[in-house]
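As a plain string of letters, each chain reads:
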Amino acid sequence: MTAIVDTLRLTAEDALGLVERGEVSPAELHGAYLDAIAERDGELHAYLRTVERAEGTSIPVALKDVISTRGVETTAGSKILSGYVPVFDATVAARCRAAGLTLLGKTNTDEFAMGSSTENSAFGASRNPWDPTLVPGGSGGGTSAAVTAGLAPWGLGSDTGGSIKQPSALCGNVGLRPTYGTVSRYGVVAFASSLDQVGPVAKTVRDVALLYRIIAGRDPEDSTTVELPGPVALPEDERLDGLRIGVPRQARALEAVEPGVRAAFESALGSLEELGAEVGECDLPLSFDYGIACYYLIAPAEASSNLARYDGVRYGPRSDGATYREMVERTRDAGFGDEPKRRIMLGTYALSAGYYDAYYGQAQRVRTLIMREHADAFATFDVLATPTSPTVAFALGDKAADPLAMYACDLLTIPSCLAGLPGLSVPCGLSEGLPVGLQLIGPQFSENTLFRAGHALERSLGLDLVPERLRA
Amino acid sequence: MSISRDQVLHVARLARLDLSDAEVERLTGELGAILEAVSKVSELDLADVPPTSHPLALVNAWAEDVPRDSLPLEDVFANAPAREGDLFRVPPTA
Chain U
129 MTAIVDTLRL TAEDALGLVE RGEVSPAELH GAYLDAIAER DGELHAYLRT VERAEGTSIP
189 VALKDVISTR GVETTAGSKI LSGYVPVFDA TVAARCRAAG LTLLGKTNTD EFAMGSSTEN
249 SAFGASRNPW DPTLVPGGSG GGTSAAVTAG LAPWGLGSDT GGSIKQPSAL CGNVGLRPTY
309 GTVSRYGVVA FASSLDQVGP VAKTVRDVAL LYRIIAGRDP EDSTTVELPG PVALPEDERL
369 DGLRIGVPRQ ARALEAVEPG VRAAFESALG SLEELGAEVG ECDLPLSFDY GIACYYLIAP
429 AEASSNLARY DGVRYGPRSD GATYREMVER TRDAGFGDEP KRRIMLGTYA LSAGYYDAYY
489 GQAQRVRTLI MREHADAFAT FDVLATPTSP TVAFALGDKA ADPLAMYACD LLTIPSCLAG
549 LPGLSVPCGL SEGLPVGLQL IGPQFSENTL FRAGHALERS LGLDLVPERL RA
Chain P
1159 MSISRDQVLH VARLARLDLS DAEVERLTGE LGAILEAVSK VSELDLADVP PTSHPLALVN
1219 AWAEDVPRDS LPLEDVFANA PAREGDLFRV PPTA
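Protein sequences, first through last, are from chains U and P. No gaps in the numbering here: position 463 of the first sequence is 591 in our numbering, and each next residue is one more. No gaps in the numbering here: position 10 of the second sequence is 1168 in our numbering, and each next residue is one more.
Bound-form chain U, shown alone:
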């Protein structure tokens, strides 16, 4: 049987059109993606599990395995949740269901979304569709690899310090980390609650905007959420006249940015200028000097608190122990992998008596300054632009033994996450035959502006983002 659609090239928007016009049924489309998964996911391991039956009236969606799905195992990439079958849907999963989307499967992630390569998944790493010897980025490498390899028309990830944007850059697709508070975290396995955000990943900016429209908005179950100030606008403009784009001088000066990434980024800035945008420079000195240190105190501190709930009492596997305490300590040692343990230890230390003010308290003050720096930059610019990742996709194993090297992957994505700002990663070229992402950062609630800029850039560059090795 010949495939009814070419999932490698089909955008979610076109897929929606096919279903709406009755040319393809939801079940047929779901089946076409399952066929593609059967063909290519043995190599990529983007999915932890798939759902055979299409339940819905629209197109499929892939959900990162930190998103609770009623009746479908949800592990967050951790042994400590293996076998856990949620009895309720996360609000974002429920909104996808309400929109008629069929759940295609749960995608791989670094354990508890802690990592930049998916190598920390307790169930094995995912691979990059451009070259399976390379990582797809992380923590949302599963969703990102699935979208690029035609194993899902679109999907949801979660982003704490770059887990949506960085894998999108490394796999060559579009990822949005929305403004903090615009998307519900109810039912999403918590990592660092003042930073975690759910967001869409897709082939095009318009697809990302369409999925954002489905999931965004206040949720009574998550009191940190707010209503959007206005409706999500699907970008149409091909011109960017008058848009003021600021490039942080400090991001430009970073030695960690590979020459090929730098070249693709600078060339894309030229394209943005040709589209009518004004490109200038801004300063974010503290954000780049202190961002990582600030993040790696705040995120582990919050994680150590959030992960305290995994005690072997109410769900998850349990280790034997003669006393309650022994059972809990053994369960946690057996259930958590190395990276969550590192972060629990670091966070517990940073919050412990005698160290709280010097570490966590100080980091919260640095966070204030990072927010102020960004606010100052937005007095002059509508959006800020940097490369999303300092490097293209790297080899599996390259950074796995060096936590600090892995943490540095998120050097460029972390500052805006700390400031609660939305960020969009859009493909902006290739380096060494691998995709490079451009990160657009805007003020809170400026998603429509990011969509407009990203869409115009995407149209003007016209990149073919199907990995060469997968092209027919």
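To be clear, the hints were calculated from the coordinates, so they are not data collected in a lab. Computed from a prediction, not measured in an experiment: that's the story for all the values here. For glycine and all other residues, C-beta sits at the position ideal for the given N, C-alpha and C. The reader is advised that the hints may include incorrect statements.
[Unchecked claim] Derived DEER-like restraints, expressed as beta-carbon distance ranges: (1) U:Arg372 / P:Glu1232: 56 to 64 angstroms; (2) U:Arg437 / P:Ser1160: 49 to 57 angstroms; (3) U:Arg437 / P:Asp1203: 33 to 41 angstroms; (4) U:Leu532 / P:Ser1228: 26 to 34 angstroms; (5) P:Glu1232 / U:Glu183: 21 to 29 angstroms; (6) P:Glu1242 / U:Ser210: 17 to 25 angstroms; (7) U:Thr451 / P:Arg1226: 33 to 41 angstroms; (8) U:Gly228 / P:His1168: 46 to 54 angstroms; (9) P:Pro1209 / U:Arg587: 36 to 44 angstroms; (10) P:Arg1247 / U:Arg181: 30 to 38 angstroms; (11) P:Ser1160 / U:Asp526: 22 to 30 angstroms; (12) U:Thr451 / P:Glu1232: 24 to 32 angstroms; (13) U:Gly252 / P:Glu1232: 30 to 38 angstroms; (14) U:Asp526 / P:Ser1162: 26 to 34 angstroms.
With the hints as your guide, set chain P onto chain U.
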């Protein structure tokens, strides 16, 4: 900045982690290196800067106090490792 083996053991006890000797040894080195990197935040004099705990300036997100059904007990216990009647069964606390 370094962290001693005893401090690691103390923190592991606070964090309810029964680490193996090999883990304690590895974490002592790794946490020392990470702490040295993150200690950078102490370079700044921030006495006058207020802390940020949350990126949105939300205050008092009130909700109506509306009674509604809780999860059915069968759902509550669906993933329980050990159940006794309508209770989660655990080993004795001492």
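Okay, the hints, checked on the actual structure:
1. U:Arg372 / P:Glu1232: 56 to 64 angstroms: Given range 56 to 64 angstroms: holds, Cβ gap about 57 angstroms.
2. U:Arg437 / P:Ser1160: 49 to 57 angstroms: Violated, at about 31 angstroms.
3. U:Arg437 / P:Asp1203: 33 to 41 angstroms: holds (37 angstroms)
4. U:Leu532 / P:Ser1228: 26 to 34 angstroms: Violated - the Cβ-Cβ distance for Leu532 (chain U) and Ser1228 (chain P), about 45 angstroms, lies outside 26 to 34 angstroms.
5. P:Glu1232 / U:Glu183: 21 to 29 angstroms: holds (22 angstroms)
6. P:Glu1242 / U:Ser210: 17 to 25 angstroms: holds (23 angstroms)
7. U:Thr451 / P:Arg1226: 33 to 41 angstroms: holds (37 angstroms)
8. U:Gly228 / P:His1168: 46 to 54 angstroms: holds (53 angstroms)
9. P:Pro1209 / U:Arg587: 36 to 44 angstroms: holds (43 angstroms)
10. P:Arg1247 / U:Arg181: 30 to 38 angstroms: Holds - the Cβ-Cβ distance for Arg1247 (chain P) and Arg181 (chain U), about 35 angstroms, lies within 30 to 38 angstroms.
11. P:Ser1160 / U:Asp526: 22 to 30 angstroms: holds (27 angstroms)
12. U:Thr451 / P:Glu1232: 24 to 32 angstroms: The hint (24 to 32 angstroms, Cβ to Cβ) holds, given that Thr451 (chain U) and Glu1232 (chain P) are roughly 29 angstroms apart.
13. U:Gly252 / P:Glu1232: 30 to 38 angstroms: holds (33 angstroms)
14. U:Asp526 / P:Ser1162: 26 to 34 angstroms: Taking Cβ atoms as reference, Asp526 (chain U) and Ser1162 (chain P) lie about 31 angstroms apart, which means the hint holds.
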